[in-house]
Each structure stands twice: as structure tokens, then as C-alpha cells.
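Spelled out from the first residue to the last, the chains are:
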Amino acid sequence: MSSIDKKKTSLRVLSQAQAQAPARAAEGSDTQKPTYWRSLAELEQSPEFLELASREFAMPLDQEPPNSPGRRRFMQIMGASMSLAGLDACRWREDKILPLSRRPEGMIPGSSRPFATAMEINGLAVGLHAMSYDGRPIKIEGNPQHPDSRGAAAAFHQASVLGLYDPDRSESVVARAGGARKESSWAEFQKTLSDLSTGLRSARGSGLCVLSERSSSPTLLAQKQRLLDTYPEAKWVTFEPTQSDGARAGSVLAFGKAHRVHYAFDAARVVLTLDADVVAPTFPAGLANARALTRLRTPERGQMSRIYAVESDQSLVAGLSDHRLAVRSSWIKAIAAELDARISAKVNALPELGAPQAAPAAAFLKDEKVQKFVSALLGDLLLSPNIGRSVIAVGPNQPAEVHALGYRLNQLLGNVGRTVFFTEDSDAADTSDVAALKSLVAEMNAGKVSTLVMLGGNPVYDAPADLSFSDALGKVKTSIHLALYEDETSERSSIHLPAAHYLESWGDARSLDGTISIVQPLIAPLYGGRTASELLAMLLGVGNPNGLELVRRTHPSLSAEHVWRKTLSEGVIAGSGVQRVAPKLKPLDKFPLSDFELSSKGVELVFATDAKIIDGRFANNAWLQELPETFSKLSWDNAVLISPRTAQELGVKEADSVTLTLAGRSVSLLALIAPGHADGSLKITLGHGRKSAGHVGGLVAESIDPVGGNAYAIRTSDAYQIAQGVGVTSNGTVPYRVPSTQDVYSVGAIGLSGTAERLPELVREGTLEEYKKKPDFVEEIVEHNPLLSLWVPPVSYEGHKWGMSIDLNKCIGCSACVTACQAENNIPVVGKLNVAMGREMLWLRVDRYYKGPPEDAEVAFQPIPCQQCENAPCEQVCPVGATMHSHEGLNDMIYNRCIGTRYCSNNCPYKVRRFNYFNYNLDTIGITPYTPTDDPKAKVKAMIFNPEVTVRSRGVMEKCTFCVQRIQNTKIKAKNAKRAIPDNEIRTACQQTCPTDAIVFGDLNDGRSRVASLQKQPRSYALLGELNNHPRVQYLARIKNPNPALAPAQEPKKEHG
Amino acid sequence: MAISDVNPFVEPPRGPNMFAQITDNVTRIAEVDKPPRAWYIAFGFAQLVLLMFLSSLGYVVWNGIGAWGNMMPVAWGFPIVNFVFWIGIGHAGTLISAILFLLRQNWRTAINRFAEAMTIFAVVCAGVFPGVHIGRPWLPYYMMPIPNQMDMWPQFRSPLEWDIFAVSTYATVSILFWYMGMIPDFATFRDRATTTVRRVAYGIVAMGWRGSSRQWHRYERAYLILAALATPLVLSVHSVVSFDFATAQLPGWHTTIFPPYFVAGAIFGGFAMVVVLAVPARQFFGLKRIITIRHLELMNKIIIATGLLVGYSYGMEFFIAWYSGGKYEQFTFVNRAFGPYAWAYWTMISCNVLIPQLHWFKAIRTNPWTTLAIGLFVNVGMWFERFVIICTSLTRDFLPSSWGYFIPTPVDYMTLGGSFGLFFTLFLLFCRYLPMVAMSEVKAFSPAAHAAHAHAGEHAHVPAPSHAEPAAALES
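Line by line, the protein sequences are chains A and B. Using my numbering, the letters of the first sequence correspond one by one to residues 1 to 1057. Using my numbering, the letters of the second sequence correspond one by one to residues 1 to 476.
If you're looking for bench data, these hints aren't it; they were derived computationally from the structure. You may find that some hints are simply not true.
[Stated by the list, open to error] The calculated label-pair distances, taken between Cβ atoms and stated as ranges, are: (1) TRP343(B) to GLY602(A): 38 to 44 Å; (2) SER666(A) to ALA342(B): 21 to 27 Å; (3) THR733(A) to ALA342(B): 16 to 22 Å; (4) THR733(A) to LEU51(B): 34 to 40 Å; (5) ILE320(B) to PRO385(A): 56 to 62 Å; (6) GLY417(B) to HIS695(A): 34 to 40 Å.
[To be verified] Straight-line Cα separation of at most 30 Å, DSBU-like style, residue types lysine-lysine; simulated pairs: (7) LYS774(A) to LYS327(B); (8) LYS327(B) to LYS773(A); (9) LYS851(A) to LYS327(B); (10) LYS369(A) to LYS346(A); (11) LYS1016(A) to LYS301(B).
[Stated by the list, open to error] Pulled a few chain A residues facing chain B out of the computed Cβ check, cut under 10 Å: (12) SER730; (13) PRO873; (14) HIS1030.
Since we're looking at a predicted model, the values are computed, not measured. Using N, Cα and C, we set each Cβ at its ideal position, and we do this for glycine too.
Sequences and hints are given; from them, build the entire structure.
In C-alpha cells:
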């Protein structure tokens, strides 16, 4: 007999025994009363009891028929007990927790709350809101109160929260001696430090040097002063690899003093950018500029600004510009000189402004195209209504002279004080960062530096190659490196200290206009990191510094608790901006133009800040690595960009591997042909090719290849921004597929002609003139038959009817929305190989199209989320009903039902659906809801997940949901408060972060909503609307405001009958 | 008895008369103690390829569909190409057994049995793919209308749902038809069995067949009814499969010509597969007297006819694309012929349209080896037809930003090649254990069956076959 049978038998025996028990009691009732009794009735052996006990069932079955409420109640109770019974089977992990005996004020479990904080890069802070969910930050949004954000955040801001949970972050103090790595602790470091500071104090700080990242933190600067007071002989050097000195030096040249320049683009009728991507998030106040610049790009106002861009590479502002001239970066000086010569002559420059620059005699300026461009531009700049209403902005890569000329031109055109403002930059250094670092390296080599404290930064990786910083570091006795990761510099320092992430730190920082933001932590340091100011405090003898105290001491005006709390909740100190000044222009000396600024011999190489990983600091951030670059659509790599003609001259083909040689140093990387790039100019972005970034960005020690090519390897201190005479050799095709998300391979003649044929229909565009003449010109671009359907729409859309409007005239292609979507919706990262195979998961993509001849290409961007078709092709073909139409018109995905036939994707004309070809979350995070793990690193990584959104598993389809979780949360809130949902209360993640407000979401049933009015605008059109899909997303056509003088020869237009 | 190097099937069949010779010719294949070495080699090889198939599928199920080259926008890659290819192959069998039966094409008797077997094995191969190609291969039952506690019900507007019913109905009817046709032959096997195992095994599957007149009567009726039932299925299955594409919005898929075009293509490919199997089989198993050159020639004629239909469809697709004025459709077809996958398109055109034209020459269509070669070409061409339709159309649809290029992985090739392992394993087992030729039907149309008839001769054209004298009865 099997054991199961035995059990059954014994059970049966037991139940018989139970059943017999009351009967026996009844038998013996005459003789004896029970010793133990269940009720008084039993004790008394009352007839009622005996009657009851003799029955098999306590109640006759027909006594209470299972009527409806009874049955329901039964089901409720059974359901509850079943679920409780089920819980027994769950293996709850044993965690030691201290329950909150009292709920902290304002904390509601399971709801997210924004906390104001700020992130500082390159000495400029952008105010942010970090959404905290049960004590962990999961999403970053811009702080609407902050002047440089106004609610917007760039991709790298959005992605910084992923960096917080990066398991590659260093977890402990590490001491290195003679190549041996030893994990240490802060307490031990404290001991080392006290020994050190005793020596340093007696030497008055001689031999001590602090190498800091650029920072505007008042707290840090106050501590710097305190340090220099304590150690008068100590040195403080600031080095930021992406910092260019042009603006500061140009200001010194023009005004005799360092000033910061601010542009009021929303007041400018004509904008000229000289190698200046003013709307790029890496540009000072770029997010604010983007908002301001696009404000005058709304044709409905009847007037639009006109934007001219002169640049070597395609920039974000190029997408907005009406006219663009692609010239080498080094030639822009000559163009600036030409402009100055001609404007000075026209406006009768006052003698105290100095003599104008001589008109340069450069061959390229004689070019018909350039002449025409410059003349048309001058015509616009000098038009009387535009005087004092234009902006000339100069980019960071340009030398001081061009910046000085830019200031001068703005002055000449009357812009200063109206569209261009200056503030004093009191913290500016006297020299460039490179020069400062150069002298530091010289001292290190001379053995004059015994203690080097590096506050962040990664100079071993990003210092100019000719300085050999790594060798110099070896000559320093005690080198202390505070960093988030044990990176290239940590590996060569004697002590590595784990830094606190900004979301773990107390601090403060200034925006471009000086407004101070308080950096407040969202979470206690995960790995015991310390901030730079805490380290400085330790250096000054404080045993266990308190970051909060340090910040509060810096701001005595906020000492009152209510002021402090208000400041924290607002994130900015109101009125802390620096006063605007009107600096007096000095007469400019005439500056010589060198050979390469005039001739077309050789090629130049421009070192540019990477739009995603900046200087390499975000190299280990998978969201940023996977984010397709705006123009090349390259993820997981960088490339040297070459214009089509130059590529032909150099013998480089698309996606070749090339070796760039500069002064005996070389680097090999991918080459991509960039339409619209200036001939004779190459561009490479910094920050790639890291060898000790981590498991994402490259870790040679663990055989993880670097991502991309390291531009720093050939960047020297004398050719810091633009290098001349670069050697280019092609090594032929790369052995792997290029991880690009658009134009994955050469499109070929057929593909190009097909693209050109349909592009005017996809990205509809017209001029302001055309628009004024015929506002609904977009309707006539596509001819199609009347759209008929076989059946009536099955949903009537009562209640809400969600829709979206995307203004193509405002989209700058910055891709912040893409990362915002990734953060909000738990979108997995797939890695380089899978991107190369075309399996990226991003729900929202920004399509980039070029128009016109490749050497002079215009660029257009088109963000493509799910179009939420009313007559959705995807819904009809799903055999299991995993994608269904909601009553509010959303195409809802039911992940549990999806079996992954992928038919929906095939039938989607927009190809917005993404498929989990592998278990990407398990592969990258190491944990999914179905695969619990005890791996602590996976647990830390899993903290990034937004609990409002399902984490998808392998084999299911997913796509944009219009942030349905945000919709539902707001609906619940509104319902509880018994109120309607006002327009703009629900904002999708992409809309929320868009710096230009190009994306508007709302209820189409609400006639007064912004989205409804935008979709009613004449330039609103549905993408591929002729397919009768009724998409809920509509695009506002691009409207250009070209200068009639530069209009192409008019072709006789075909009139529609 | 050791495995023989000598092929025992080359000897002329034994027997006192033609009926006996036919029986001997067919039964000796299954009755030989051990098949010749060549069979073992072929079977072993098929097993290895099958192992590759199973391991590639195992790899895919374990790791995810990403092990194949499928990507966005080509979400359907090799697996669906293979599915449609095998379903197409599985058309000739039922066409030969059902439609040609109803049309009284008596020559079909020589080839119908293994054409039907081929059909079933091809449907088996095809049936593997929809199940494993889905993202979560453990949940294909979500597509079945099974009442369940999850409140789920299939979405019947989806052509994939129609596919399930079309293919499963087709498979069911084909198997029934095939099995029923074999019952008299199983009885012959049973009656000739020399071992108990064979007698019991064949006895069970013969279902008590005694060859009585009443049994023959019932058999004939049932056969006719099943043939009538199967006939519309031949046309419906591939029509429904073509709906997977035709009802979609994708340019290159969204076209009304697909149902007839797919059916013609399926018959075309199916017949090509029949000749590819028939030529070596008749050669190796000594069936030349049963599957004659005339049979091959007739099949080749069907190949020309359906090949021309397919060629017409290719042309018509281009014409309609031009005539419709649809920008996206026009682009798709230009891209198909001259774009990055032009090589696949021209492979398809050469194999499916140009090479079969050689069959206009009698010398070529009556030569078994050229027949075999052209049949192979057609099979390659038909695979590429599905590749062109599925992959080329998907790579470049409406928005140029989402265009891509599909590159298969080694696992894709393993799955494709491996599916032939499954097919040939089943086919070799069929050759070894089941009656390869419908003996009873062949006998009915053999000259000997009509000895009394004036026109008895090599070309028997008996209009209404009557099984007055059951073949099995003659044998006993």
C-alpha cells in the first residue's frame, strides 16, 4: 500500500471516530455526564442537545437555500480564506525590519512623491524633481521652478537615477600600495587623514593640492576658501574635460573681465548660431534656451523668428533652423570677422568700440553659396525692426576671439540689454582648465605635490594625452580619489573613496544665472559614499561631517526652519540669481587669421561633448549607452562623423573602421557618413572607449570591451577643441553590425528614392508664407480616396478620449522623451548586439530624416510613440486578444495574455511595437517578478523599477500605453475628490520632460483642452491617415520661415484640380 | 541476418500473375527482414538531422525567440517561411488522392499513397512551427477555444485563429483519408505476415478487413465521401494560410490575389516534392513498373501548368501594384525585384518560372533524373517565394525609419535544415513499415484487371472502375 493510501485510510478512521463520538455520548447519557463538556446543554444532556447530536449534519440542508447574498458571502469568505491559505505556500523571505511605529509626515505607502533636488554638471545646476516611491527615487523630472529647467530634464538627468542603483559603484574605501588592492574603511581613512593633516598643517599645506571638478556649489566654494585659509600653501586646481575656455577668455578680451552671457531667445526675431548648439542640454542653460527659442516658432502667432545656423556638424538647433551653412569649425572665425567688417561698416560703429576686423580674404568666403548666405543674413540682422531683436550666439568650441566678436556684434546690433544679457562670473578662474592642469602636472612631475586630493573627475582617463597625467600621478605620494566608481584614476591612486550620488547627497549648486538650488538626498547613501564637501570637511579636521549641516551653515539666510523647508520643497532659493550687468566693450584688437582658418587644406577634427555620456561620466549608464544618438541613431558606440564628400576624398566608406592619427597618437573607431556635415571637418565625441567604467561601459579587467573609441587618446592640450592636420586611414569594414536604430545598413538607390518620395507626406512641411496663404495646405499633400469602413466603430468614446499632438516645428530631437519613457515604463536595455540586430525596446523613438542633397542636408525629427489608432490594425490580428481597445480609445496591452505571435507588429504601419526576444530584464537586471533571486546586486538594480508598471517577461509584445498608469492614478484621485480632471493634469512622461513643449497630451472630448485645439489646427495631420487607422496622435506640420533672398528657384507648382 | 549491401529490391517481382507481382513488389519492401545498408545510412542521417532540429528548437525554447534572427521589423522570419513552405508541400497529397480521384484520373493510384504520406509528414513539419515560433511556446493553447477560468477566449477576427482550424481540419481529414485507404493493404500485410508481431500489429490496424463485398462497398462509399470532403480543404487550407498575409495592411501582403496564388504555388511545390521523392523511391525500391515514366511525365505536366499559374501571379502582383497607384505597394515591388533582397527574388523567379519551362521538352520531362533536378529547383524556389513574401515585405514598410535588414542566425539554418530530418525520418519509417503503394487500387487499374476488356493494354482507360473482384481476395 502506498503512503498516500495509508494516509487516506487513517483519515477515514479518524473521521469515523469523530462521527461516532457524539453518538457514544448519547448512548451513555443515562448513566453518566461527560467529564469534559462542550456546552451547558451537553452538560445537562438536554433533549435539544441530544436531538442535535444525533443528527449527522448540524443543520438540515434545506434550511437555508443558497440565495444570492448568502452565496456571495460564502464566496467572499471562501475567497478570502483561499487566498490566505495560498499565502502559506509563499516563501516569504525573512527580512529584519524595524516597523515605523508612527507614519512619517506626508509619507503614504505606495504613492510617489516628488522631492526637489538639483544635478550639477560642469559647474551648472539644473533643478530637478525626483519622484520617490516608498523611499526610493525612481524617476527624475525637471523642476518647474528652476530657471534652467522649467520642468524639463535632459536624457542624462533622466538616466542619472539608473546610475544611483548601479551595482558597479564602488562600495568601500580602497587603499592601493604597490599594485596591491586592499579594501579599507572610512574609519581607517580617517586615521590616515589625521596623520596626513598633522604633517600638512605644520607645512602650511605645502605639497597639498586639490583637483576638483568644476562646481558652483556655494558650500564647496566656502570650504575651498576655508581650506586655503587653513593650508595657505595648498593649491586648488579645477579641471573639467568638457569645459572650454572660449567664452570666459572671450569675455576677458571684450570686456576685460569674465562675464557670463545669457540669451533671451523668446525676444529674438533673428538668431544666428556660430557653432553653437544653443538648445542642446549640454549647452549652458540649453533646456531653457530650447523652450525660449521654440516659443517664436509657432506660426499661429503670425510671426516667427528666423534662425540661421553656421556650424560644422549637425546640431539640434539645425533641426529648427531656417537656414544653415555647414563650414569647418575653424573657418567660423573668418565668417565672424567678415560679419564684423560688414556690420561695422553698416552701423557706423562708434570709435570707442574699436576698428572693425579686416574683411578676410579667404577662398571659401568667395563661394557663391557662402556669399549669398552672409548677405541674406546681414540683410535680416540689419533690418530695422530686427535691430536689438537678434541674437548672435557663439559655441563653446570656438576660440576666445570669436566669442569676443560675438559679444561685439551683439553690442553693435543693439542686442545687449534686450536679447543678450551679461552677469559677472566672480568665481571664474584666471586661466583655462587645461593650463591649470598643465601646471599642476608639471609640479607633480617635479615632486612638489605630496598629497593630491581629487574631488571627482577622472583625469587619468580624460586629461589631455600629452600631459601623461597617469605618470605624474605615480609621482605623488598620497593620491586620494573620491569617485562614484573605481575608475581609471582610482586604479592609479593610493586611496579611492566612494562618492555619494547626488540623489544621496546634501549640497547646493548654482544655475547659469546664479540661482542657487539645494541638492537634497532622496535616500541614504547605498554604499556609504561621501560628498566632496564632506571630504573637504574631513580634510579640515571634522571627524564625521554632516552634509546637511555644511549646507545649512553656508546659507544663514535660510536658517529659519520654515524658510528652509520652503526652499527645500521649491528647490531654488528665490532671488539668488546674480545681478545683470552692462559691461563696457573694449576696443578689440584686430586678430590675425591663421592659415587653417582660411585655406581648405587638410582636415580638422572637432572634439565634442557627448550628448549622452558627456565626458564619460555616464559611460556605465545603460540607458544612455542604448539611447540612439540624435543624428547617427547610433547606440552603444561613438563614431567619427565625416561629410559625404570628405569621406570620398579620404577613401572612407560608411561604417568603416578608421584610425585617426594626431601627433603620433592614434585611435581606431567606427566612421559614419553624416549628411550635412561640413566638408573637411571630422567630429568625434568624448567619453567613449573607457576601460574601467564598469560592466556596461567597458571593463577590460573582466574582458568587457570598451564601448566606442576614446577621443581623449588623441586630444592634446594644444589642440584641445579643434585639431588640425589629423590623419585618417580606413581599415575597411567593421567586423560587427553597427548598433544603429535607423538606416541600419546602406539604404541604396531604391530605398533613397522611396524615402524621398514619401517623406513629404510623412513629415509635412511648408513655409510661413504658404501657411499664411493656405493654413490647411497639409491636407492636400496626400491624395486618397474617401475613407470608408465596413463596420461602425465598436466604441463610442464617452467619457475620456485620450489624444496627443506633437509639434514637429518644436521637436529638436534631443531624445529626452525617449529616456523619460524608458524610466517611467520599466523598458529593458537589450545591449549592443541586440540593438544591432534591430531589437531595441524603446517605446518611443525619434525618427530622423534628411532632406535635400547629402552635402547640404536639412534634418527633421519626428517622435513616434504608439499612435493609439481607433481602427487599430494590431488589435484585429491578435489571435488571443492580448491587445484590446479601451473605452477611452487606448490600445491596451494585456501582457498576461500575450503569447508572442508578433502578428500585431507586422501589421503595425508605424512599427511601434517592441518584442521581448529574450528575457531582457533577467539578463540585465538579474531579477524579474517571476525569478526571485538573492543576488544583492540584482536586488539593488531592481530598485529602479516603477511599481506602477508591469515588468514584462520574455516572449511578450509591448508598446507605448500613453502612460496609462498616470492616467489611471489621476482618474482615481479625481474620482476620490469628486472633481473633473483638468486639462494638463495628466502628463505623459515624454510630454513632461520635453524642453520645448512639443508634445501635448489630453482629452479630446474636452473641447477646451490644449490637445483638442491643437488637433483642430489646420496644420495638424495624422501620420499615414490614408490607411484609415484613425490614429489618436496627430502631428503639427513643420513651418519654416525662410529668408526670401535665400529661397530656391521657384518651381512652377502643380495645382490640384 | 546481416545487413545486406545488395539491394534486394532490384530483382523483378515474383508471382504467378500480375496481381501477385504487384503484391510482391510492394510487400517485399516491408517484409524483408532487414532493409539494405543504404536504408540504414539514410535513416541514420535523417536521425542526425532530426536531432539537430530538436536541439535547435530546444535552444530556442530555452533561450527565447531571439536565438533566431527575427527582429523588428521582420518579426516573422524563417519559422513562418518554413511553416508556409511545409504547408504548401502538404498540398499535393490530398490533391492527388481527392481531386484526381473525383476527376477519375486513374494514374494517380501509383503515387497517391506516398503522396498522401508526404502530405501528412509535411503537415507534421509545418505544425511544429506555429507552436514554437511564438514568444511563449508553452502557451499555444491560448489560441484554442477552451473554456477556462481565466475568462479568455480567442479573438476570431485574427487570421491566425482561422489558420488553426484550417490546418488542424486539414491534418485530421488527411490522416483519416490516408489511413482508410491503407486498410485493405494492411490486411494484405497481415495475411502475409510470418511473425506474430507483424500479424497482430497489422491485424489491429487492418481493423478486421476481410475483403468481403460488403466491406468493399462501404469502403468505396466512404472513400468517395472523404474525397469529396477533402477536396474543398485542398483549396481552403492554403487560402486561409494566405489570409495571414492578405488581410494584413502591409504592402506586399495586402493583396486579393493571394488565395489562388498560394493554392497554385502549393500544388506546384507539392508535386515537385512528390517527384523528388518518387524518383529515388521507384529507383531504389524497384517500383519502376508501378511508378512508370508516364506517371512522372503527367506530374511534370502539372508542374508546368501550376508553374505558369505561379508565374502569372508574380506578374499580376506587379501589374496590380502599378495599376493600384498605391505608392507604398509600388515601392514594395520595385524593392522586391531590385532592392537588397533582389537575389532572393531572382532565385525565386529562376527556380519557379524559368527552370520548369524545360519540361516543355519531352526528353527532359520523361527523364527521371532531370525530373528530380527540376523538382529540387522548384522546392528551393517555393521556399524562396515565401521568404520573399514574408521577409522582403517586412523589411521595408511604410515608415523608412523602421526599415531593417533581416539576417538569419545559424540557429535559423539549423531549424530549417533540421525540419527535413523530421520529414525524412517519418518518410523512411513509412517506406519501411507501411504499404508504399496502394496495392488494391493499382490492381484495379492494372491491365490484368481488365483482361477481358477489348482495350486492355498498357494504357488502360477504364472510365468507371468497379472493384468487382477485390484484389485482396485474388491474392488469398
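A quick look at each hint next to the structure:
Take TRP343(B) and GLY602(A): their Cβ atoms lie about 42 Å apart, and the range 38 to 44 Å holds. A beta carbon spacing of about 39 Å between SER666(A) and ALA342(B) contradicts the range 21 to 27 Å that was offered as a hint. At about 21 Å, the CB distance of THR733(A) to ALA342(B) agrees with the hint of 16 to 22 Å. Roughly 36 Å separates the CB atoms of THR733(A) and LEU51(B), a value that falls within the hinted 34 to 40 Å.
A hinted range of 56 to 62 Å holds for the C-beta pair ILE320(B) and PRO385(A), which are about 57 Å apart. Range check, GLY417(B) to HIS695(A): Cβ separation about 36 Å, and the 34 to 40 Å hint holds. Proximity of LYS774(A) to LYS327(B) is assessed by CA-CA distance (about 26 Å); at most 30 Å being required, the pair is judged to hold. With a CA separation close to 28 Å, the supplied pair LYS327(B) and LYS773(A) stays within the 30 Å bound.
In summary, the hint linking LYS851(A) to LYS327(B) is supported, as the alpha carbons are separated by about 19 Å, within the 30 Å threshold. Pair hint LYS369(A) plus LYS346(A) holds up; C-alpha atoms about 22 Å apart against a cutoff of 30 Å. With a C-alpha separation of about 63 Å, the suggested pair LYS1016(A) and LYS301(B) falls outside the 30 Å cut-off, and the hint is violated. Checking SER730(A) against chain B: minimum C-beta separation of about 22 Å lies over 10 Å; hint violated.
Taking 10 Å as the C-beta contact cut-off toward chain B, the hint placing PRO873(A) at the interface holds, the least distance being around 5 Å. Among the interface hints, the one on HIS1030(A) is violated; its C-beta lies about 13 Å from the nearest C-beta in chain B, farther than the 10 Å criterion.
In terms of the numbered hints stated before, the structure departs from hints 2, 11, 12, 14, listed from lowest to highest.
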